[in-house]
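Colleague: Just need the whole structure built from these sequences, with the hints factored in.
Just so you know, the protein sequences line up as chains A and B, in that order.
When the letters of the first sequence are read in order and numbered with the numbering used here, they come out as residues 4 to 462.
When the letters of the second sequence are read in order and numbered with the numbering used here, they come out as residues 4 to 462.
Everything labelled a hint here was simulated from the structure, so no lab data went into it.
Please read these numbers as outputs of a predicted model, since none were measured by experiment.
Don't take each hint at face value.
Copies of the same chain look alike in the list, so a pair counts if it fits in one copy or across any two.
[To be verified] In silico DMTMM-like pairs for lysine to aspartate or glutamate, Cα to Cα no more than 25 Å straight-line:
1. 185 to 244
2. 423 to 91
3. 425 to 74
4. 213 to 65
5. 390 to 315
6. 425 to 89
7. 423 to 20
8. 213 to 44
9. 423 to 267
10. 213 to 71
2 protein chains.
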Amino acid sequence: MPELEQHHHSQHLRILELNRALNDGMFVHVRRMLQQMPACDVALLLQSTPITERKILWQLTDPEQQGEILEELNEDAMESILKMMDPENLAAATEGMDIDDLTYVLRSLPDDVYQQVLEQMDSDERHRVEIALAYPEDTAGSLMNNDTIALRPDVSIDVVLRYLRLRGELPEATDALFVVDKENKYLGDVPLARLLTVDPSENVESIMGKRPERIIPVSMSENSVAQLFERHDWISAPVVDLQGELVGRITIDDVVDIIRENTEHSMMGMAGVDDDEDTFAPIWQSTKGRTLWLGINLLTALFAASISNLFENTLAQMATLAVLMTIVPSQGGIAGTQTLAVVIRGLAVGHIGASNMRWLIFKEVAIGGLNGLIWAVTIAGVVYIWKDSIQLGLISAAAMFADMFMAGLAGVSIPLFMQKMKIDPALAGGMVLTTVTDSVGIFSFLGIATLLLNHHIAI
Amino acid sequence: MPELEQHHHSQHLRILELNRALNDGMFVHVRRMLQQMPACDVALLLQSTPITERKILWQLTDPEQQGEILEELNEDAMESILKMMDPENLAAATEGMDIDDLTYVLRSLPDDVYQQVLEQMDSDERHRVEIALAYPEDTAGSLMNNDTIALRPDVSIDVVLRYLRLRGELPEATDALFVVDKENKYLGDVPLARLLTVDPSENVESIMGKRPERIIPVSMSENSVAQLFERHDWISAPVVDLQGELVGRITIDDVVDIIRENTEHSMMGMAGVDDDEDTFAPIWQSTKGRTLWLGINLLTALFAASISNLFENTLAQMATLAVLMTIVPSQGGIAGTQTLAVVIRGLAVGHIGASNMRWLIFKEVAIGGLNGLIWAVTIAGVVYIWKDSIQLGLISAAAMFADMFMAGLAGVSIPLFMQKMKIDPALAGGMVLTTVTDSVGIFSFLGIATLLLNHHIAI
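Modeller: So, in structure tokens, the structure goes:
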């Protein structure tokens, strides 16, 4: 079915066509093309478009569809668009949005605009929103939707089936209905698949599943929710409050977003970029976003330079040391980063805890020591051959061993310590680590060389 | 509901208890504890346990449950366990496994063991496996399962409902049944939610959805499948072959694994670690796994050193240059890595294509230039104050501008070029990039200094 492949791969061709139409000022044509696309494709298109064109495209989208498009955008792209909408437009676009998507949009608004949008809503909607916004961000409460369908345990399946036919439609990603008692306390669930396969004369109580491990407390962290969904392959799960009352449900599509955000956060954090950064943000905005990180890095680079500055006399006596002194910190930095990445991933997926932390520290320090030996021998040989000096080879080897050992120790203990202190290891870990490996590498290399020179040993 | 929180947070406490029981040799107790846990929790436990204890734990698991546990393990942990099983055990454990999980396990086996396991299977099962294994890895074909339920268009809903009740159970993550004609050509789907809400006297054809964008060609890449699922919030989707015949279906739980693997791959790749690395692998295995990367890094570090070696005379004349020469490459490396991370993420989520590539290159080069200006001015000031030399400040500034400009250019063009050459930018990009930024940084800094010195300009 080659036409199918084409359907799926024509996204960027379509964008090219849209861009051409846009540049030629054929706005009517662009508007028509946009209206024929599903909201998720328009969202992808907006996110793949530089900011100036993005704003024009947005003006040409169908106002009826704008709410749906907003839901699909990532945070930074959404903010770039929210900025151009006035509170009336916003209230209109967000009307009828699911509560979880609505709060996602509202949380991105500046405080004054947000107040104005709230005022535009009818009091029912406003009340719903205020309840949802009361749950802290990054918890199950802020992830959940309130589109649950709840049944009483004593109804017969036949009645349930008739009720569903009357209702006519089910919320997205509904794979189970929930069972509650008169006080709205959660009792269990009835999967749709089960509804379809049991004898209709049974009643809800006799076919419902209990599965207490599937109940999510409203205060649970987003990250734990994602781990549970991933581990158990759930499509949806009920959320209950402290009293055990059913307050909403979480669906897999929101969890997929969390999983992507969390892993991207680790990657982008380690590379020193804000994970919200919009690939097609304006140049100045991206530059500003990356400045903080570069500023911190400059400080650590100056710190490392100040260490070699301690040895200026030694460097003046022997320029070869300046040539060789960058090798050890480079190798130590990579080894430490490898350890850091393994530990950050282990923490993120929940594999690391009190039970295995000691073993992990031992393991990474041992790898640091082993790597230290391997690369110490290698660098000794390389430097001996290159510079024809056994002493320089031995100095390099000693510094290499010391730095790689420290890389293992720092690479595992920095993220574990930060996690304990509630500092995000993905954000700050890399910077602290390379400061350690740079300093130890330079200090040990130039320090040993200075000792030998001061004792008038020819190197 | 604090007991719920406890249920969810007791994972590591349980591991501690298991470890204690294991150390005390209370194997009967451990075996009982393991048998009370669901397979996904046992899998998490195995993955959180160092390799020696992991092997003992595995011996104590319920043989009936071993197949289910294997499915839940990540690749490296699974391999560590497959190694200790003989072909008969393996064939027994994999009996009745879903075909997608079975091929996942079989692909991890050494060739000879794999043949022996195949021989242990009955001919039906073997035939199914051989068909599944014929699809290339990393395509929709290798992701799909063949547990589809297919309907004919002319049947009435009433008949469908009666058939389902007779059948008694539906495969995991079934949110829709598929409709095919006599030649098994795919026609459309009937969501379960729709089955429950329509009038039973209707027939399949009148209520089925067509949704051609939802049909997945069997040769589509895993990554594209994951992007489609994520964009459209699907739970499952049909897979068809070149003739349009229904050959299987893909479910969200497998897609979640792909999404996690892909984003982890980018993070681990940029940090220089194999993304399959088992956090609790034996020390020597992890050391070996990280060696290749450290070897390549040593080569690039030696290359950078060979560049400063060109300027040994200059360094001998002025040791302060050795102190300052590490600052510019450090800053260039970070700026380049920021750009690299943004581009790698953009490529992974499909936001970058022919339509916006030029703009992106322009943007990142512009950011490089702007950053170059900002940090050139900063470093000029810092060096002037620190070393009391306008000339050294100006040399640092010029080198900083050149290196950060190159960092922007290289950071965006290296991954785009690699993508075109079908080289994985997440794996090789970082190494090539820092080689460029290190070389340009050192060469421009020491080069300008040498020019000035040779013209007898006091610096």
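Colleague: Now tell me, hint by hint, if it's right for this structure.
Modeller: Hints, one by one, checked against the model:
no., hint, verdict
1, 185 to 244, "within (16 Å within a copy, 51 Å between copies)"
2, 423 to 91, "neither (45 Å within a copy, 46 Å between copies)"
3, 425 to 74, "neither (30 Å within a copy, 33 Å between copies)"
4, 213 to 65, "between (45 Å within a copy, 24 Å between copies)"
5, 390 to 315, "both (21 Å within a copy, 12 Å between copies)"
6, 425 to 89, "neither (38 Å within a copy, 45 Å between copies)"
7, 423 to 20, "between (52 Å within a copy, 22 Å between copies)"
8, 213 to 44, "between (39 Å within a copy, 18 Å between copies)"
9, 423 to 267, "both (22 Å within a copy, 23 Å between copies)"
10, 213 to 71, "between (35 Å within a copy, 21 Å between copies)"
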